[in-house]
Structures are given as C-alpha cells and as structure tokens.
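Enquirer: Sequence:
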Amino acid sequence: LDNKGEYPYFTRVVSPASGISSVAADFFVQRLDTSHVFVIYRRDAFGSDLFRFFEKRANDLGITTRSASISADLGCSECQDRDIASALNTLEQSGYAYIYAILT
175 LDNKGEYPYF TRVVSPASGI SSVAADFFVQ RLDTSHVFVI YRRDAFGSDL FRFFEKRAND
235 LGITTRSASI SADLGCSECQ DRDIASALNT LEQSGYAYIY AILT
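In terms of the working numbering, the sequence shown opens at residue 175 and continues consecutively.
Please note that the accuracy of each hint is not assured.
What the hints assert, rightly or not - Below 20 Å or equal to it, Euclidean Cα-Cα: the simulated SDA-like pairs (lysine to any residue) are:
(1) Lys230 with Val203
(2) Lys230 with Phe220
(3) Lys230 with Asp255
(4) Lys230 with Thr208
(5) Lys230 with Arg217
(6) Lys230 with Ala191
(7) Lys230 with Leu206
(8) Lys230 with Ser251
(9) Lys230 with Ile273
To be verified - Quick list of the computed label-pair ranges, beta carbon to beta carbon:
(10) Thr238 with Gly193: 37 to 43 Å
(11) Phe184 with Asp247: 25 to 31 Å
(12) Lys230 with Thr264: 17 to 23 Å
(13) Glu266 with Leu206: 27 to 33 Å
(14) Gly193 with Tyr272: 17 to 23 Å
(15) Ala259 with Pro190: 28 to 34 Å
Hints listed in this document are in silico derivations from the structure and should not be mistaken for laboratory results. The C-beta atom is built at its ideal place from N, Cα and C for all residues, glycine as well.
Whenever a hint applies, use it, and build me the whole structure from the sequences.
Expert: Structure (structure tokens):
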C-alpha cells in the first residue's frame with residue numbers, strides 16, 4: 175500500500191496521542207471508577223508519547239500511575255522477553271488491578 179503509483183489515493187491517519195490518551199484516562203475514571211492504573215508501553219516514539227500524555231491526563235484526573243516499558247527493538251526477542259518479565263513482576267508487586275497496555 176506504500177506504492178503511490180499503484181495506490182495513489184491510499185493514506186494512513188493516526189489519531190493524535192493526546193486524544194487517544196485522554197479518552198483512555200477518562201475511561202478508567204468514568205467507567206471503571208479507579209484511581210490506580212499500571213501502564214505498560216513500548217519504548218518507541220509513539221508508545222512513549224502515548225504514555226506521557228496518558229500519565230499527564232491521569233494525574234489531572236487524580237489517577238496514580240505506575241509504569242514499565244518494553245524494548246522497541248523488534249529484532250531482540252531476548253530484550254523484549256526480559257522487559258516483559260520485569261514489567262509483569264513490577265505489576266504483580268504493585269497490586270494494581272487495571273492495566274493500560276500501549277503496544278505499538
């Protein structure tokens with residue numbers, strides 16, 4: 175689909191990170207009535223932006239967040255496995271019941 179000659183009218187649209195994150199934080203408060211959310215996100219530009227905006231909106235709403243990040247290096251499965259194991263361990267220790275996973 176990236177071939178503009180073959181698909182001249184195809185385009186991709188990505189919603190702004192601030193909008194996605196705001197809706198997600200509002201959901202945790204309005205629908206789930208929670209004040210604590212654990213966030214797992216990928217350490218790439220999009221995942222980090224989503225996390226940063228979510229954390230700001232969550233704090234504005236009175237939500238306490240804890241977080242863990244996962245390597246963005248898709249070629250290093252060992253790195254990702256290590257980060258996922260660490261994130262799940264941190265989540266378990268936190269005692270938080272709700273997770274917002276940003277896996278791009």
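Enquirer: Does each hint fit the structure? Answer for all of them.
Expert: How the hints compare with the structure:
1. Between Lys230 and Val203, the direct Cα distance comes to roughly 14 Å. Compliance with the 20 Å bound is thereby established for this hinted pair.
2. About 16 Å separates the Cα atoms of Lys230 and Phe220, which keeps this hinted pair within 20 Å; it holds.
3. Between Lys230 and Asp255 the alpha-carbon distance is near 28 Å, which puts this suggested pair outside the 20 Å criterion.
4. Between the alpha carbons of Lys230 and Thr208 the distance comes to roughly 16 Å, so the proposed pair stays at or under 20 Å and holds.
5. At roughly 17 Å between alpha-carbon atoms, Lys230 and Arg217 fall within 20 Å of each other, so this suggested pair holds.
6. With a CA separation close to 12 Å, the supplied pair Lys230 and Ala191 stays within the 20 Å bound.
7. With a C-alpha separation of about 19 Å, the suggested pair Lys230 and Leu206 falls inside the 20 Å cut-off, and the hint holds.
8. Restraint check for Lys230 and Ser251: not satisfied, since their Cα atoms lie roughly 30 Å apart, outside the 20 Å limit.
9. At most 20 Å may separate the alpha-carbon atoms for a hinted pair to count; Lys230 and Ile273 meet this at roughly 16 Å.
10. Between Thr238 and Gly193 the Cβ separation comes to about 23 Å, which falls outside the hinted range of 37 to 43 Å.
11. Range check, Phe184 to Asp247: about 29 Å between beta-carbon atoms, so the 25 to 31 Å window is met.
12. Distance hint check: the CB atoms of Lys230 and Thr264 are about 21 Å apart, consistent with the given range 17 to 23 Å.
13. Remark: the range hint 27 to 33 Å for Glu266 to Leu206 is contradicted by a beta-carbon distance near 20 Å.
14. A beta carbon spacing of about 20 Å between Gly193 and Tyr272 agrees with the range 17 to 23 Å that was offered as a hint.
15. The hinted range of 28 to 34 Å is satisfied by Ala259 and Pro190, whose Cβ atoms lie roughly 32 Å apart.
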